[in-house]
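Visitor: If you're matching them up, the sequences are chains G and L in order. Throughout the first sequence, residue numbering follows this note's numbering, covering 1 to 247 in sequence. Throughout the second sequence, residue numbering follows this note's numbering, covering 1 to 196 in sequence.
Please keep in mind that the hints were generated in silico from the structure rather than gathered at the bench. One thing to keep in mind: the hints can contain errors.
Residues of chain G placed beyond 10 Å of chain L at every Cβ, according to the derived structure [unchecked claim]:
| no. | residue |
| --- | --- |
| 1 | Gly17 |
| 2 | Arg45 |
| 3 | Pro67 |
| 4 | Val87 |
| 5 | Trp108 |
| 6 | Arg134 |
| 7 | Gly135 |
| 8 | Arg136 |
| 9 | Asp142 |
| 10 | Gly153 |
| 11 | Phe199 |
| 12 | Asp217 |
| 13 | Glu220 |
| 14 | Trp223 |
| 15 | Ala224 |
Incomplete in silico selection of chain G near chain L, CB under 7 Å [said to hold, decoys possible]:
| no. | residue |
| --- | --- |
| 16 | Leu26 |
| 17 | Ala30 |
| 18 | Pro39 |
| 19 | Val80 |
| 20 | Gln184 |
| 21 | Thr234 |
Glycine included, C-beta positions come from ideal geometry on N, C-alpha and C.
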Amino acid sequence: MNVDTNADRRVGEAARGDDSGSFPPLYDSAYGPTRSRAPAQRLMRTAGDLGTVVGPGRLLAGGIEEPDCDLTTNARVDGVPIGERVVVSGRVLTEDDRPVPGVPVEIWQANAAGRYVHRNDQHDAPVDPNFSGRGRCVTDADGIYRFVSIEPGAYPVPGTGIWRPKHIHFSVFGRSWASRLVTQMYFPGDPLLAFDPIFLSIPPAARERLVAAFAPDLTEADWALGYRFDIVVTGSDDGVGAESHHG
Amino acid sequence: MALAPRAIMAEPSPSQTLGPFFHDAIMRTPYRAQLVSLDSRLGEVIRIQGRIRREGGRLVDDALIELWQAGPDGAYAGTASHASDAAFGGFGRAASNGAGEFEFVTLRPGVVSTPDGSLQAPHVNIHLLGRGLMDRIATRIFFPESLDDTPDPVLSVIDPARRHTLIAEHVDDVPVPTYRVDLLLRGEGETVFFAS
């Protein structure tokens, strides 16, 4: 597809250790903000305790009284949000290919014009008064989540000449603390993917995992196009939560 | 406890940066920086005040700080040893403000036993996320007074010259026990972060 011009700048560790070919390095000279924020010192390897400490996913899911998974209705004021309706659904899985039930999935995104509801987004595109761009739900017994939303527009990063591809931000919890994942879902065939430093910071073989698949089986006639996006969190369930309290 | 090698069957989803527009989506009830009320009787209430900076000492005003800890009895919510009717969850979220500062109100965590039987000094686990961070980065903050009682196995393998970056400073003369932590992402005096 593309010449991988990223190879020479992709130096240094990923946050999860440099034996994973899946994660972007913390330092990437093509993504400027990393230059002052990526730790310079080698990350500590501990006895593995951080991988088995149970995470807060189940606890947090219990605090979500009502799922908030329809972004086409959850912020309506005086009408319907503008744009193409999409269904976005998939499973949260462990590396053992097992579902992760009962954990929260949080999303946020720009509107169809590429404008976020956020005080710091002053991009010259209209705000949609009927769209907040945020949602959250809990995975079901099969690890499945499902959102209805509007396809987001591309977004120019101010002063850089860079346009972010269309994307939906995802925040996910697995079973362990270490399995915490914040990522972005992209749309198939987006020409901006070939130019986006954030997407290109991912090792080439792993990039496609963040591109959703158009899904005819999730598409609903006369109503919404469907996209499937499975999310694989690191770690297995083995040993998670095995620590006991002291006295 | 030896774990059998596991066959990886699904490749992990790569991380991407949190970006700068997360606040309205992420900072929602019940995910807050105040885990308990100041007059909570579930344990000893403490405050953890922090600042997050980057290379050159420049402040970071768009970070997300997530905290996760055991309760006063050393049990994490969601584990078998955690009392099912316990009211303390142990998870908090804070966003750094315009001065790069944040504050949690929580309970002093107890000593935690690991599966191999060793004891860990009271600590809180931290994840940092934000613009310019390609994945969450992990660290752990300890409380100075408790380290004499419980030497910590994780701290003990850290370069002695850098250990202090993980030990909060006790703030004197305030009514609620308060600790201060200065997180530096990059540069001289950089905080110790863990691969995880």
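Visitor: State the violated hints by number, sorted upward, taking the hints as numbered earlier in the document.
Guide: As far as the earlier hints go, 1, 2, 5, 6, 7, 8, 11, 17 and 19 are violated by this structure, in ascending order.
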